[in-house]
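Student: Here's the letter readout for the chains.
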Amino acid sequence: AQTVTQSQPEMSVQEAETVTLSCTYDTSESDYYLFWYKQPPSRQMILVIRQEAYKQQNATENRFSVNFQKAAKSFSLKISDSQLGDAAMYFCAYRGGSQGNLIFGKGTKLSVKP
Amino acid sequence: SQTIHQWPATLVQPVGSPLSLECTVEGTSNPNLYWYRQAAGRGLQLLFYSVGIGQISSEVPQNLSASRPQDRQFILSSKKLLLSDSGFYLCAWSPKGIYYNSPLHFGNGTRLTVT
Chain A
1 AQTVTQSQPE
11 MSVQEAETVT
21 LSCTYDTSES
31 DYYLFWYKQP
41 PSRQMILVIR
51 QEAYKQQNAT
61 ENRFSVNFQK
71 AAKSFSLKIS
81 DSQLGDAAMY
91 FCAYRGGSQG
101 NLIFGKGTKL
111 SVKP
Chain B
1 SQTIHQWPAT
11 LVQPVGSPLS
21 LECTVEGTSN
31 PNLYWYRQAA
41 GRGLQLLFYS
51 VGIGQISSEV
61 PQNLSASRPQ
71 DRQFILSSKK
81 LLLSDSGFYL
91 CAWSPKGIYY
101 NSPLHFGNGT
111 RLTVT
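As they're listed, the protein sequences go chains A and B. Read left to right, the first sequence gives residues 1 to 114 (our numbering). Read left to right, the second sequence gives residues 1 to 115 (our numbering).
Chain A on its own, in the form it takes in the complex (with noise of 0.2 Å):
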């Protein structure tokens, strides 16, 4: 079955520098997509950045892009120019295609220091 592991509870960044999220993920499948969705106080999921397994490039949505390194199974999250409004639950997902459903990490609070 696939797990996904995010191994930083909370997280704590200065507002205008970089962070980085982590999060690892086991599979034997060979295809499958993986995403980003923060979580903030009003507790909607919105998706952040979504990655291919089969694309060697990482993904890029303005300030967030993703760090994947699909033989080590990593798929970190980078935030640059960290605003106030970043502040959030951060969750790792997984969707493969033997099944429709997407499977979660625990998340990660991250807190913006102004």
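Errors might be hidden in some of the hints.
To be verified - Result set (DSBU-like, lysine-lysine): computed pairs, CA atoms no more than 35 Å apart in a straight line:
#1 A:K55 x B:K96
#2 A:K106 x A:K78
#3 A:K70 x A:K113
#4 A:K55 x A:K109
#5 B:K96 x A:K78
#6 A:K73 x B:K96
Claimed, not checked - Covered stretches of chain A (in silico footprint by chain B; criterion: 3 or more residues with CB under 8 Å from a CB of chain B, positions within the stretch not fixed):
#7 45–56
#8 101–107
In short, the hints are calculated from the structure, not lab data. Computed from a predicted model, the values in this text were never measured in an experiment. Idealized CB from N, CA, C, for every residue including glycine.
Mind docking chain B on chain A? Use the hints.
Tutor: Positioned in the frame of chain A, the structure of chain B alone reads:
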């Protein structure tokens, strides 16, 4: 565009009472539908998913059940709530079929407190 509606936003229910949470999706046909639960300090746990009307798969044994009476309607129910059913419940949808390159799109959630 597609939208997902989930209600109620908050609910306080006594132990032993019934539960009905509803979720509807607009702007798409025959979506995959999901119910997740988020307990305090934990990630999201998949409870049920459905690939079509009347087709429900349960991921974990529990006090809850799900039904899909219409194509874009997904209902989470319980006959008798337990204290352990408290949590934040999220409904989600994804396009028809298993397109794993598509993210799940979530509703705004229901905060359930069982007293």
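Student: Are the hints correct? Go through all of them and say.
Tutor: Comparing the hints with the structure gives:
no.: 1; hint: A:K55 x B:K96; in the structure: holds (24 Å)
no.: 2; hint: A:K106 x A:K78; in the structure: holds (18 Å)
no.: 3; hint: A:K70 x A:K113; in the structure: holds (32 Å)
no.: 4; hint: A:K55 x A:K109; in the structure: holds (28 Å)
no.: 5; hint: B:K96 x A:K78; in the structure: holds (32 Å)
no.: 6; hint: A:K73 x B:K96; in the structure: holds (28 Å)
no.: 7; hint: 45–56; in the structure: holds (count 4)
no.: 8; hint: 101–107; in the structure: holds (count 7)
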